[in-house]
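Undergrad: With the sequences and hints as input, model every part of the structure.
Protein sequence lines, in the order shown, are assigned to chains A and B.
Counted from 1, the first sequence has number 94 at position 95 by numbering that gives the first Met the number 0; the numbering is strictly sequential.
Counted from 1, the second sequence has number 237 at position 238 by numbering that gives the first Met the number 0; the numbering is strictly sequential.
Since the hints were derived computationally from the structure, they do not count as laboratory data.
Cβ atoms here follow ideal geometry from the backbone N, Cα and C, with glycine treated the same way.
Where hints are given, some of them may not hold.
Simulated crosslink set (DSS-like; lysine-lysine; CA at most 25 Å straight-line) [to be verified]:
| hint | chain 1 | residue 1 | chain 2 | residue 2 |
| --- | --- | --- | --- | --- |
| 1 | B | K296 | A | K30 |
| 2 | B | K155 | B | K140 |
| 3 | B | K234 | A | K54 |
| 4 | A | K35 | A | K19 |
| 5 | B | K254 | B | K298 |
| 6 | B | K103 | B | K4 |
| 7 | A | K88 | B | K52 |
| 8 | B | K155 | B | K198 |
| 9 | B | K128 | B | K179 |
| 10 | B | K140 | B | K128 |
| 11 | A | K35 | B | K296 |
| 12 | B | K52 | A | K30 |
| 13 | A | K6 | A | K30 |
| 14 | B | K218 | B | K234 |
| 15 | B | K179 | B | K147 |
| 16 | B | K254 | A | K6 |
| 17 | B | K234 | B | K204 |
| 18 | B | K29 | B | K4 |
| 19 | B | K298 | A | K35 |
| 20 | B | K128 | A | K6 |
| 21 | B | K241 | B | K178 |
| 22 | B | K218 | B | K155 |
| 23 | B | K241 | B | K175 |
| 24 | A | K88 | B | K298 |
| 25 | A | K88 | A | K19 |
| 26 | B | K147 | B | K218 |
| 27 | B | K128 | A | K35 |
| 28 | A | K30 | B | K254 |
| 29 | B | K254 | A | K35 |
| 30 | B | K52 | B | K298 |
| 31 | B | K327 | B | K77 |
| 32 | A | K30 | B | K298 |
| 33 | B | K155 | B | K178 |
| 34 | B | K178 | B | K140 |
| 35 | B | K77 | B | K29 |
Restraint-style ranges between C-beta atoms, simulated for each label pair [unchecked claim]:
| hint | chain 1 | residue 1 | chain 2 | residue 2 | range |
| --- | --- | --- | --- | --- | --- |
| 36 | B | P126 | A | M20 | 37 to 43 Å |
| 37 | A | K88 | B | D96 | 54 to 60 Å |
| 38 | A | P21 | B | G59 | 29 to 35 Å |
| 39 | B | A203 | A | E62 | 25 to 31 Å |
| 40 | A | K19 | B | T195 | 42 to 48 Å |
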Amino acid sequence: MIKFTVKDRQGEERIVELTKMPEYNVMEILKSDGYKMRATCGGMGLCADCLCRIKDPNNLIPEPTEQELDTLDSIPDVYYDSRLCCQIKPGEYLNDIHLALSGVDQ
Amino acid sequence: MKIDKIVTDLCIIGAGPVGLFSVFEAGLLKMRSHIVDVLPQVGGQLSEIYPQKPIYDIPGYPVIKAQELIDNLVEQIKPFSPTYSLGELVQEIVRIDDHTFIIKTNENTTIEAKAIIIAGGLGCFEPRKPNIEQLELYEGKGVSYFVKNVEQYANKEIVIAGGGDSALDWTIELSKIAKKVSLVHRNNSFRGAPDTANKIFEMAKADEINLILGATLHKVVGTDHLESVHVMNHKGEAQIIKTDALIPLFGLTPKLGPIAEWGLNLDSNAIQVNTVDYSTNIPGIYAIGDVNTYPGKLKLILSGFHEAALMAQSAFKRVFPDEKLTFKYTTVYGVNAF
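TA: Dropping the structure here:
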């Protein structure tokens with residue numbers, strides 16, 4: 000079981016639990032868990048609707064993809080820990096992370 | 000000032016794939032179309048956001064690039080000679096009588112149509128704005144998100160923010176006429192076109208521009224006009240740049256925009272429709288593609304194509320109330336241009 004904390008755009012925190020490893024990305028995981036995601040580009044890492052900030056105490060999350068870096072480089076309000084949910088594949092490394100959503104909900 | 004009025008059967012708002020295909024379905028039924036889109040080119044998000052990305056779920060195409068699909072659709076609708084108002088935002092819709100609407104754009108274009116087809120996707124593309132307090136206060140008073148008139152920056156001090164190609168290109172271009180251009184970017188390098196990035200570094204070295212890397216916009220200050228921009232580096236150290244203008248260039252993002260003001264029934268920023276013909280709560284206004292919602296809605300291009308076909312059958316009855324609608328296959332009757 001993978002457990003991580005998600006803070007929605009209204010500031011409410013909740014634990015998300017994954018009992019099995021889905022094939023899709025974190026944006027889709029959150030969407031199917033009830034979080035609103037406009038996802039204009041559908042998960043290509045282009046629109047930044049799924050922009051978030053991630054605190055990763057274990058420092059295990061894979062580095063951003065080239066596409067992710069390109070997009071993060073061209074949008075405002077990006078911090079050292081900003082990521083695009085759609086470019087993060089699920090894995091054990093999601094355990095214990097704290098993910099704060101800041102993109103566009105609908 | 001424009002005085003001419005465009006008279007058409009259907010006014011299609013949105014030139015994405017679904018809006019374009021509506022021209023075809025309408026054309027088969029002898030209805031003329033005029034398309035309006037806020038972007039300067041057709042294609043909607045396919046051309047604006049992901050032109051080179053492959054799409055795998057267009058029937059008949061195992062794979063097709065987004066821009067290629069748009070190019071094909073433009074070719075497909077040519078027989079029906081659609082007209083376009085591109086780079087214009089529909090601001091107002093007025094219902095004249097049961098069968099006539101007047102549509103007005105921000106560029107004062109007036110369109111008279113018998114039905115309106117909203118194929119606006121996720122809305123109209125607007126500049127992505129940085130989250131800075133009071134930024135909107137200075138919009139039009141020093142802050143702008145597009146460079147519309149280059150001459151207005153002659154002999155001015157300008158701050159450009161962003162790291163994409165357009166931020167770099169405008170920095171180079173405006174440095175030719177401005178008194179001083181400062182480029183603020185959050186990283187220490189640029190990921191866009193290497194030649195352009197090299198040019199920026201060379202210009203900074205030659206003191207032709209003021210390049211501020213590893214910093215972000217923090218604050219805007221002024222009275223009745225923008226006077227300075229505060230930027231902050233990663234260590235939290237602030238720098239004040241005296242300036243006449245700030246141009247944040249962070250790309251575009253869709254917003255529902257004026258559609259929300261037209262009295263249509265909305266559900267979470269999407270227009271509620273009747274799935275019989277994708278009509279809205281206002282007779283004569285249809286909504287198709289990503290902009291609509293109904294039970295079971297899938298935001299897929301192929302769903303939008305289906306919706307366009309059904310919409311056209313219904314719109315025909317409004318455009319030609321006295322004529323009988325005969326269902327025709329293109330394999331039998333072909334495509335009769337007009």
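Undergrad: Hints numbered earlier in the text: which of these fail when held up against the supplied structure?
TA: none
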